[in-house]
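Once you've looked at the hints, go ahead and assemble the two chains, each given alone in its own frame, into the complex.
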Amino acid sequence: MDFSRSSEVELKYKQTRDFASAELNGDVIERDSNSVFPIELWKRCAEHGVLSWFMPEAYGGGGHSALTTSYLLEALGHGCCDNGLTFALGAQLWSVQKSILQFGTTDQIERYLPGFMKGTIKGAFAITENGSGSDAFALTTTAQRDGDSYVLNGEKCMITLAPVADVAIIFAVTNPDAGQWGLSSFLVDTRTKGLRQSDNIPKMGLRTVPFGNITLNNCRVPVTCLLGSEGSASSIFNYSQSWERSLVLAPQLGAMQRLIDQSITFSKQRMRSGQSIGKFQSISHRIANMRIRLETSRLLLYKTAWLLDTGKQSVTEAAIAKTHISEAFVATCSDAIAIHGGSGYLTETEVERQSRDALGATIYGGTVDIQRNIISGMLGV
Amino acid sequence: MITIDSIKKYVTTTLLEGHTDPLEEDQDLLISGVLDSINVMKLAGYLEQECGITIPPEDIVLENFSTLEQMHRYVVERTGMKPGV
Ligand SMILES: Cc1cc2nc3c(=O)[nH]c(=O)nc-3n(C[C@H](O)[C@H](O)[C@H](O)COP(=O)(O)OP(=O)(O)OC[C@H]3O[C@@H](n4cnc5c(N)ncnc54)[C@H](O)[C@@H]3O)c2cc1C
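Going down the list, the sequences are from chains A and B. Take 15 as the starting number for the first sequence in this note's numbering and just add one per residue. Take 230 as the starting number for the second sequence in this note's numbering and just add one per residue.
Hints listed in this document are in silico derivations from the structure and should not be mistaken for laboratory results. Take these hints with a grain of salt, some might be off.
[Stated by the list, open to error] From the structure, some residues in chain A lie toward chain B, with a derived Cβ separation under 7 Å:
#1 117
#2 190
#3 192
#4 193
#5 195
#6 242
#7 245
#8 246
#9 249
#10 253
#11 327
#12 329
#13 352
As the structure is a prediction and not an experimental result, all values here were calculated from the model. Using N, Cα and C, we set each Cβ at its ideal position, and we do this for glycine too.
The shape of chain B in the complex, shown without the other chains (with noise of 0.2 Å):
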């Protein structure tokens, strides 16, 4: 089950290699530019891949990828899985 935990640290390691700061869950990470044209792709592919779904292109938008806590509500709503911790 994927958790905002494991959403951010798949940022924080993967994504944001060396990133020190601590990333919030409901931090802006796309208008602030924490997060790349690139790596917002890299990252829907990561959930793709976590929760076996595929996510339509039209769902990449502020209101679902804008923070950890909104990419986590968006891949449960999807998923219809429980909200993990």
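So here's chain A without its partners, still in its complex pose (with noise of 0.2 Å):
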């Protein structure tokens, strides 16, 4: 395993973390409390190249590993303090981005890739439903085949990016008898006749990035839509979650790096009992667990992140990476609240707001209890 990045990768770190924290950081607040979608930044950071930077150079991105993506990553997360705009980012580009160009035909890659990249268009990853969310083969929408067509019914819930997207991957149902094997997915057009995409849903935290339902009613979508093969969607979505689970959290990592110098500036100058309260041992300790955290979840990463780059498996990697950093950056949060003592729970400390983003981590693209079975079902238990 080697880590070490080039002097231009560090030189890139430095500045898209000066980017981030120069640009995507105006109105975070008011952006929060009133869930706006900041579309603008969102675009910025695409012409910065954060969509791109993991894309092959052949269709005009970068040609990064999954390893340098997540170091760049990192670094939007330490300059950029909305955690909804960087999660977005993330999930557009491993779970949307990344299944099509592992998945898609080179008219679909063509079609849709050059978009994702400039920020054009927004992409949504579709399973989940009321009905099924842990056990997300139980899935009950349905495609079926009619012609060149296939005629789509159902309705996806808590859809990152479903109010805004251009285009959704919806897994559906194509053969009921095969059990997971009988899912099929789709690329399906947002304004194709039959879908119908939900307002923003409210939530608690990751309010910048809209959220909500899409519902499928008698939607015809041609044969070309299928992504992969039919009854390949199972293999989709294991193989996008081992991307998405290992690397979606690398800006919560930069996150965590910014709640520690908050902390460690805080705690320097905060007197108490005529001291600072850094000289405290309740609050130091609280720091340096801090640090512990941001360090396993660095290793944890960057080791998912090389071993995708190899191209060997890391489902257990990644649930491991997946449910220690969502976990480290909850924990992280809630030190950081208690070492800033009541302004800690203040709005404008900034800090509440990441407490509240940090728990969507602990649930989204699998709970954290999923990821725990899938690491005890790997070990055979």
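Here's what the structure looks like:
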């Protein structure tokens, strides 16, 4: 394993962090409290290269490895205080763009990838339904073959970017007798007749990313919309989840670094009982624990990214990384609030928002319980 | 060289520890649910390691993984090996 970085990548890290802190944070408190999606900032991130770093050079991307890309996403999260924005960028990159790249036809790749990279179109990954979440393959949306088309019916829930997506990967049953092997996925243009996108559904954190439902009512799509072969959706899901689980939390490493920096500054300035609170062991040990969590999270993420780059199976490592980093972020936010005392509870300090944002990561992409099921299952338990 | 028997042995002793019914070579293991999602991933990992190949995710479909026979045929094709017994 080699996590060393070239001087160009280090420079890109600094440029990305500086770009993010200078351009992406302006009105983040208002955006969060009004659940506003910063579409112009999404485009700025695309212009900066966030949605292209990992894409192959042949398609106009940067051709970076997963390891380098995660390091740059960490820089984005270090500079950008809007976790909703960084989460949504990662969700599109790893679950939508990567799936199309791996399973799409040349036509599908050429149709969608340039727009994603430029930030002119947005994509959603839609598997969850009211009746199926952790048991994702129990979904009931159907896609019935009818000549040269499929007709889709059903409803997808809690889908990141659903209200604003231009295209969605929709998972549906094509062969009801084959269980998970009878599922297929479709690349559906959201302007297609019979598809309806809900308005944004309010949520606890990550409020700057729109989130909602997609309803399909006799939505007819040509067979060319099939992503991969018929019956391959469970493989597409497992594959894309390995990538998403591993790498979507990369910006959280930067966010954890930000919280550590903020907590150190505060603990040195805040005077109580005639000394800075950093002199109290209760505070300094919290900061030490935050640092330990960041270090272990980094190592897990870099290892998983490295494994993905080698093409080796990383099911267990992805589940471990997802579980550890999401829980580390939650614990780090709690520590940051405790260090800040009452002011940590105030909106203006911006720590409470991180804490609300952090909890989402223990749920999306498969809850931490499901990740533990995967880890123990891979151990034969 | 990987054989149908070695795949069968891995499936019965490692994946389905304690499985007593004999597995037929042409028996469906996927739709019937004999192998769950995690077992399929473990099996793919095992075949990758044993045969020195990388199995792309698009190949993990019924046509290649439904029966012991199909799995064996798939790895034989991928590695260019002579079929073992
Ligand atoms: C911010 C956010 C973004 C999301 N984005 C998307 C998206 O883009 N696309 C998409 O398709 N979905 C998305 N989701 C949905 C997400 O994937 C599901 O919420 C998640 O998989 C859990 O499913 P559920 O909500 O139905 O909970 P349930 O499955 O009902 O689980 C409820 C509780 O039971 C536990 N549980 C359930 N089954 C088991 C089990 N077998 N073993 C142990 N514990 C179990 C769970 O861990 C949880 O604690 C998003 C969710 C959030 C919060």
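Hints violated by the structure (listed by number, smallest first): Hints 2, 13 are the ones this structure does not satisfy, whereas the remaining hints hold.
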